[in-house]
Amino acid sequence: MSDIHRSLAVNVAGIQMKNPVMTASGTFGYGSEYVDFIDLNQLGAVVVKGITSVPWVGNSMPRIFETPSGMLNAIGLQNVGVDGFIDKKLPYLGNFDVPVIVNICGEHVEEYLEITEKLDAADGVAAIELNISCPNLHCGGMSFGVDPKLTDELVRGVREKTTLPLLVKLSPNVTDITVIARAAEGAGADGLSVINTALGMAIDINTRRPQLANITGGLSGPAIKPIALRMVWQVYNTVSIPIIGMGGIMTGDDAIEFCIAGASAVAVGTANFINPRAALDVADGIEEYLERHGMRSIAELVGSLEVP
Amino acid sequence: MSDIHRSLAVNVAGIQMKNPVMTASGTFGYGSEYVDFIDLNQLGAVVVKGITSVPWVGNSMPRIFETPSGMLNAIGLQNVGVDGFIDKKLPYLGNFDVPVIVNICGEHVEEYLEITEKLDAADGVAAIELNISCPNLHCGGMSFGVDPKLTDELVRGVREKTTLPLLVKLSPNVTDITVIARAAEGAGADGLSVINTALGMAIDINTRRPQLANITGGLSGPAIKPIALRMVWQVYNTVSIPIIGMGGIMTGDDAIEFCIAGASAVAVGTANFINPRAALDVADGIEEYLERHGMRSIAELVGSLEVP
Amino acid sequence: MLTPAKKFDLPTEVISNELVAENHYLLRCSCPEIAASALPGQFIHVLIPQGSGLLLRRPFTVYTVEGDQITMLYQLIGEGTNVLSSLKWGDSIRVLGPLGNTFEMSSTPNPAIIVGGGAGIASLMLLAAALREAGVWALGLVGSMNQARLLSVEDLKAIGVETHIATDDGSIGHHGFVTELLTHILETHELPNPIIYACGPDGMLRAVTKVGLDYHIPTQLAMENRMGCALGVCLGCVCKVQLPGGGFEYQRVCTEGPVFKAEDIIW
Amino acid sequence: MLTPAKKFDLPTEVISNELVAENHYLLRCSCPEIAASALPGQFIHVLIPQGSGLLLRRPFTVYTVEGDQITMLYQLIGEGTNVLSSLKWGDSIRVLGPLGNTFEMSSTPNPAIIVGGGAGIASLMLLAAALREAGVWALGLVGSMNQARLLSVEDLKAIGVETHIATDDGSIGHHGFVTELLTHILETHELPNPIIYACGPDGMLRAVTKVGLDYHIPTQLAMENRMGCALGVCLGCVCKVQLPGGGFEYQRVCTEGPVFKAEDIIW
Ligand SMILES: Cc1cc2nc3c(=O)[nH]c(=O)nc-3n(C[C@H](O)[C@H](O)[C@H](O)COP(=O)(O)OP(=O)(O)OC[C@H]3O[C@@H](n4cnc5c(N)ncnc54)[C@H](O)[C@@H]3O)c2cc1C
Ligand SMILES: Cc1cc2nc3c(=O)[nH]c(=O)nc-3n(C[C@H](O)[C@H](O)[C@H](O)COP(=O)(O)OP(=O)(O)OC[C@H]3O[C@@H](n4cnc5c(N)ncnc54)[C@H](O)[C@@H]3O)c2cc1C
Ligand SMILES: Cc1cc2nc3c(=O)[nH]c(=O)nc-3n(C[C@H](O)[C@H](O)[C@H](O)COP(=O)(O)O)c2cc1C
Ligand SMILES: Cc1cc2nc3c(=O)[nH]c(=O)nc-3n(C[C@H](O)[C@H](O)[C@H](O)COP(=O)(O)O)c2cc1C
Ligand code: FES
Ligand code: FES
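Chains as they are written, first to last, in the working numbering: chain A, 1 to 308; chain B, 1001 to 1308; chain C, 2001 to 2267; chain D, 3001 to 3267.
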């Protein structure tokens, strides 16, 4: 860093990060999978794969499919469950100086509450990301994320169970994302993750079967970036809690777009599959932009969109 | 056509077409612009640019921007108005043996009704496509398309004013498209056009200005195909009126996917900008598929998705 | 302006594609149909090869016509021109054209002043050639960032166009704006009813427009804008145009343009 | 199975990329790190060059290792392999690997039967070489659509693997399925505790599994599935695996696999 006054460090929703770049849930496993390529200590934060109260086997195959500038996935939240996570996965991440944000999902409010209590009691959890937007049809997650009342109820409940920073992850599959955003903020969320995947579908025209066993799945990658940016900007103009922007971020320049639209931090998802160093490359790209424009921190950028 | 028993001809919502491929509104002008490349007589139907009661100047520049596998547009419905259309544009299309479908948009119900009456009285209009989904913020269109009550009211009103086949074009920017679809069907729509563009945004990181003067715009092209397919399939499982599928169709194979998902016909939009013969190429591709699979018509394909 | 000739969408192969100045390339391909009908100011809409990941075509003016061949002179801007510059002999592209209207050449051979900024000069070469063929005296004012990026000066001289240069850094020719050259010329020369033809960055075009108004010289501008269809249907490429009766209208650069009367453009 | 060695994501250049059979190519590149550590059955995740418009990488088994170089033998399937096949000497790609587990080679040198269908044989060549180096007698059964698409027979023979051929159209070798060859061999030869290693289309793998069970021969399969990350995080590549205690689990082809015990796979 040429300029000593420049710093990428940010505190978002009470999460202190060395830089504003997180890994998006479900695209970075539990961190250990990337240590051959990345020093986890250099990440802004690690957001782990969605956790449920009990282990889930997940959906049958096929689970992913590539689409133009994007991919569909219907994993079905295969995960070790909250106990398995705390016992087997969390300790390893304790070896690193990086905030661990745990993405949680459930079918009923009670499930979310149970997971929250266990995580609140566990060591090494920096924040909880409430996944109310899992596009997987068999998962209750989505139905919460499209209804402001359910969102309010769920977020309130979880809020009461923990003092940890609480992020709520919003679904793009809604008519008006600002309504859900306002509900989450009102119910005590410390920050909002915008966006989860867009519900999509693809068909094998020769077998006439869906390309995903689950029929529909979540669309991610550059294809959804314009939709994600629009939603970040809408949410930024609605709430006063910070936004973690995500959706198709591949480069530092992509991240800068999200910051200008209103994101205080960003998450890199699908890009991790193409470039294992994507998250660090994005952070470097942000720094170069700040240098090029003589800025001291991304705070100068957040929500700086000049509208006609 | 090797097999004399095979035919691409379809009758969708009372519109008799030589093949199931239309041009999507706003991507084919008024037909005349393409005569150097296409014999309009060979098209399933021509859907013209959105028409309003009075001429609209449209939005200021920039109006379009390319995104990964897609493009954003915020044209602002620049058009000659219904009278100008009937006087100057419609007669030319009368020279061809192709159904002309007129896409209409307005800010109030009255406006839609006025346009409908004039088109109903005019010669050479095969059907009306009600645009209740214009993502352009300054246009009333969108607010109708996201509210089942308004949709019902509007469609009922228009239905009373005309005996022409009535298509209602749905917006993807909704939580549950089946609710709007049901409302449109209940109010007397003869068919549904699925989908219009998805609301998106892009930012110039050097000027920190939006890439579109209108800030947000409609995302079209292959990027939205998975979302469009999903919605066609959802709507197909909800209503019994025919669906015209669109959203990122570039090839005959893309069109076949939409038919399997439940579309009785398809519209080609953005592809017209890349390949002026796109609509005919798509029709040829459909025919080749039918031949390859020994099918007599796409009727055998519509909604034939085999779900696990 | 003439009613446009028939348009073609043709597959063709790159004959050559070489670096002609820093950051600028000249691409040559064979398009008999377009070569036969392209008029000064008209452009082609180029489909970058499949698998390049780009969706939309890219518009470029026809720089020269030589027999069955046409050339385009282009600047590296972003992804599209970057992929274009990587094309080699034999690589295939598709070319849509000829598109747009043309420069108006007066019946009487008034002297012409051709003002090009950066790659803008590329849109004026076919005009310059047509003027010279018609025996019109033409003056070329070429603006560039620096000597390394200077374009077309030799090509202009070769067809007998007296050419002056302006560079931002003064590395060659006048140190400053090409529009300063323009005013200087108008102050020092006695030109009978000249006509100004210009293409370049917005800032330059606005300055040229002002000069044209100040000196009461009819001025034509070749405008640029992002393009979707280039066929007049998407309405994505418009610019704001003054109407005779007052008021304005958004007109399509790809159809009513790219050439507009300078005084009609509302910036 | 061994704990995986360190993984690398390396830029490299294509050394050669030639058609070796109808619809099949052999690509060679220099990857010292991967060449040094790749084990039989392991694969690499290849990033098709920028601007190709493809998002995800494509997985291919390491076919051979020669000094610092590795090769991959691949079939043209769709867009990705199509772009791959167009790469020439000097074109750059990125290679992620070595990935996945490896074939289990028993400590005692039991005879090995290698059964490859189509491009599946590509996943077995490194194993064949390792077996032969360990002095193990190996029999190669290669199935193919027809003679024109026949792969690897010479390569197998060159390392001393007795090889038999089956083609769907009988244009060479046995007219029928490679699994018919397998049963024939087992009926006619007396092989002391052989081991079967197989890779190919699902149908073939299921048939091989059945033969293995019928003849009580331990069988290992190299599985394939669509892949996102190839690093174990996206959970997109799973296959359904029988658990010892009963019940099943979805295991990752990229991490727990690609090699699985045949009897564990639930189809
Ligand atoms: C009628 C016309 C004639 C032109 N003739 C020439 C010429 O002869 N030589 C030359 O070098 N350039 C010319 N241009 C500009 C040229 O089209 C752009 O530089 C080019 O499209 C940039 O593409 P890109 O992908 O490299 O840049 P990117 O910035 O990556 O392109 C992104 C998008 O912006 C559009 N775009 C970017 N800059 C421009 C621009 N200045 N004008 C129009 N669209 C733009 C692109 O078409 C694309 O849709 C002309 C433009 C027009 C409208
Ligand atoms: C561990 C492993 C090793 C492999 N080794 C080889 C090899 O050595 N030689 C070889 O020819 N092929 C091999 N394959 C298959 C190869 O990866 C696919 O044929 C290739 O990805 C097809 O890409 P495409 O874009 O041409 O096809 P497309 O059908 O266009 O690909 C579309 C999507 O489907 C995926 N896909 C398609 N077919 C397969 C498949 N059979 N397996 C996995 N993903 C697939 C692609 O990765 C891509 O995401 C291997 C696959 C795996 C999982
Ligand atoms: C394979 C895969 C698995 C995912 N799993 C989760 C998950 O468990 N929980 C969650 O909230 N989001 C999940 N996501 C969504 C991402 O976290 C992210 O919101 C989305 O992919 C958009 O970002 P991207 O375009 O950069 O990938 C998943 C995405 C992918 C591609
Ligand atoms: C430039 C442009 C203008 C459009 N104008 C209209 C319009 O006036 N009315 C309308 O209903 N849809 C309009 N659309 C939407 C298209 O008709 C179509 O629904 C959408 O683009 C999805 O199809 P595609 O991906 O094939 O383009 C427009 C789309 C584009 C790209
Ligand atoms: S580019 Fe489409 S109207 Fe001009
Ligand atoms: S490919 Fe991502 S887990 Fe195997």
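Worth double-checking, as some hints may not be accurate.
Below, computed lysine-lysine pairings styled on DSS-like, alpha-carbon distance capped at 30 Å [claimed, not checked]:
{"#": "1", "chain 1": "D", "residue 1": "3261", "chain 2": "A", "residue 2": "88"}
{"#": "2", "chain 1": "C", "residue 1": "2088", "chain 2": "B", "residue 2": "1088"}
{"#": "3", "chain 1": "B", "residue 1": "1088", "chain 2": "C", "residue 2": "2006"}
{"#": "4", "chain 1": "A", "residue 1": "88", "chain 2": "D", "residue 2": "3240"}
{"#": "5", "chain 1": "B", "residue 1": "1018", "chain 2": "C", "residue 2": "2006"}
{"#": "6", "chain 1": "B", "residue 1": "1149", "chain 2": "B", "residue 2": "1089"}
{"#": "7", "chain 1": "C", "residue 1": "2261", "chain 2": "B", "residue 2": "1089"}
{"#": "8", "chain 1": "C", "residue 1": "2240", "chain 2": "B", "residue 2": "1088"}
{"#": "9", "chain 1": "D", "residue 1": "3240", "chain 2": "A", "residue 2": "89"}
{"#": "10", "chain 1": "B", "residue 1": "1089", "chain 2": "C", "residue 2": "2088"}
{"#": "11", "chain 1": "D", "residue 1": "3006", "chain 2": "C", "residue 2": "2088"}
{"#": "12", "chain 1": "A", "residue 1": "161", "chain 2": "A", "residue 2": "118"}
{"#": "13", "chain 1": "B", "residue 1": "1149", "chain 2": "A", "residue 2": "149"}
{"#": "14", "chain 1": "D", "residue 1": "3157", "chain 2": "A", "residue 2": "89"}
{"#": "15", "chain 1": "B", "residue 1": "1118", "chain 2": "B", "residue 2": "1089"}
{"#": "16", "chain 1": "B", "residue 1": "1161", "chain 2": "B", "residue 2": "1149"}
{"#": "17", "chain 1": "A", "residue 1": "88", "chain 2": "D", "residue 2": "3157"}
{"#": "18", "chain 1": "C", "residue 1": "2006", "chain 2": "B", "residue 2": "1089"}
{"#": "19", "chain 1": "B", "residue 1": "1118", "chain 2": "B", "residue 2": "1088"}
{"#": "20", "chain 1": "D", "residue 1": "3088", "chain 2": "A", "residue 2": "89"}
{"#": "21", "chain 1": "D", "residue 1": "3157", "chain 2": "A", "residue 2": "18"}
{"#": "22", "chain 1": "D", "residue 1": "3240", "chain 2": "D", "residue 2": "3157"}
Hints are computed from structural coordinates only; laboratory data are not their basis.
Note that the structure is a prediction, hence the values are computed from the model and not measured.
Evaluation of the provided hints:
1. Our distance criterion of 30 Å between C-alpha atoms is met by residue 3261 of chain D and residue 88 of chain A, whose separation comes to about 26 Å.
2. Restraint check for residue 2088 of chain C and residue 1088 of chain B: not satisfied, since their Cα atoms lie roughly 46 Å apart, outside the 30 Å limit.
3. Restraint check for residue 1088 of chain B and residue 2006 of chain C: satisfied, since their Cα atoms lie roughly 22 Å apart, inside the 30 Å limit.
4. For the proposed pair residue 88 of chain A and residue 3240 of chain D, the alpha carbon gap of about 23 Å is at most 30 Å, so the pair holds.
5. At roughly 27 Å between alpha-carbon atoms, residue 1018 of chain B and residue 2006 of chain C fall within 30 Å of each other, so this suggested pair holds.
6. Between residue 1149 of chain B and residue 1089 of chain B, the direct Cα distance comes to roughly 34 Å. Violation of the 30 Å bound is thereby established for this hinted pair.
7. About 27 Å separates the Cα atoms of residue 2261 of chain C and residue 1089 of chain B, which keeps this hinted pair within 30 Å; it holds.
8. Of the supplied pair hints, the one linking residue 2240 of chain C and residue 1088 of chain B holds, its CA atoms being roughly 23 Å apart against a limit of 30 Å.
9. Taking the CA atoms of residue 3240 of chain D and residue 89 of chain A, the gap is near 23 Å; set against the 30 Å cutoff, the hint holds.
10. Proposed proximity of residue 1089 of chain B and residue 2088 of chain C is contradicted: the alpha carbons are some 44 Å apart, above 30 Å.
11. Simply put, residue 3006 of chain D and residue 2088 of chain C have alpha-carbon atoms about 40 Å apart, too far for the 30 Å limit, and the pair is violated.
12. For the hint linking residue 161 of chain A to residue 118 of chain A, the alpha-carbon distance of about 10 Å falls within 30 Å, and the restraint holds.
13. Straight-line distance between C-alpha atoms of residue 1149 of chain B and residue 149 of chain A comes to about 21 Å, which keeps the hinted pair within the 30 Å bound.
14. For the hint pairing residue 3157 of chain D with residue 89 of chain A, the CA-to-CA distance comes to about 47 Å; that exceeds 30 Å, so the pair is violated.
15. With a C-alpha separation of about 14 Å, the suggested pairing of residue 1118 of chain B with residue 1089 of chain B holds against the 30 Å cut-off.
16. Distance check on the hinted pair: residue 1161 of chain B and residue 1149 of chain B sit about 19 Å apart at the alpha-carbon level, within 30 Å; holds.
17. For the hint linking residue 88 of chain A to residue 3157 of chain D, the alpha-carbon distance of about 48 Å lies beyond 30 Å, and the restraint is violated.
18. With a C-alpha separation of about 20 Å, the suggested pair residue 2006 of chain C and residue 1089 of chain B falls inside the 30 Å cut-off, and the hint holds.
19. The hinted pair formed by residue 1118 of chain B and residue 1088 of chain B meets the criterion: a straight-line CA distance of about 14 Å does not exceed 30 Å.
20. Restraint check for residue 3088 of chain D and residue 89 of chain A: not satisfied, since their Cα atoms lie roughly 44 Å apart, outside the 30 Å limit.
21. Simply put, residue 3157 of chain D and residue 18 of chain A have alpha-carbon atoms about 57 Å apart, too far for the 30 Å limit, and the pair is violated.
22. Using a Cα cut-off of 30 Å, the hinted pair residue 3240 of chain D and residue 3157 of chain D is violated, with the two alpha carbons roughly 35 Å apart.
Hint violations for this structure: numbers 2, 6, 10, 11, 14, 17, 20, 21, 22, all remaining hints satisfied.
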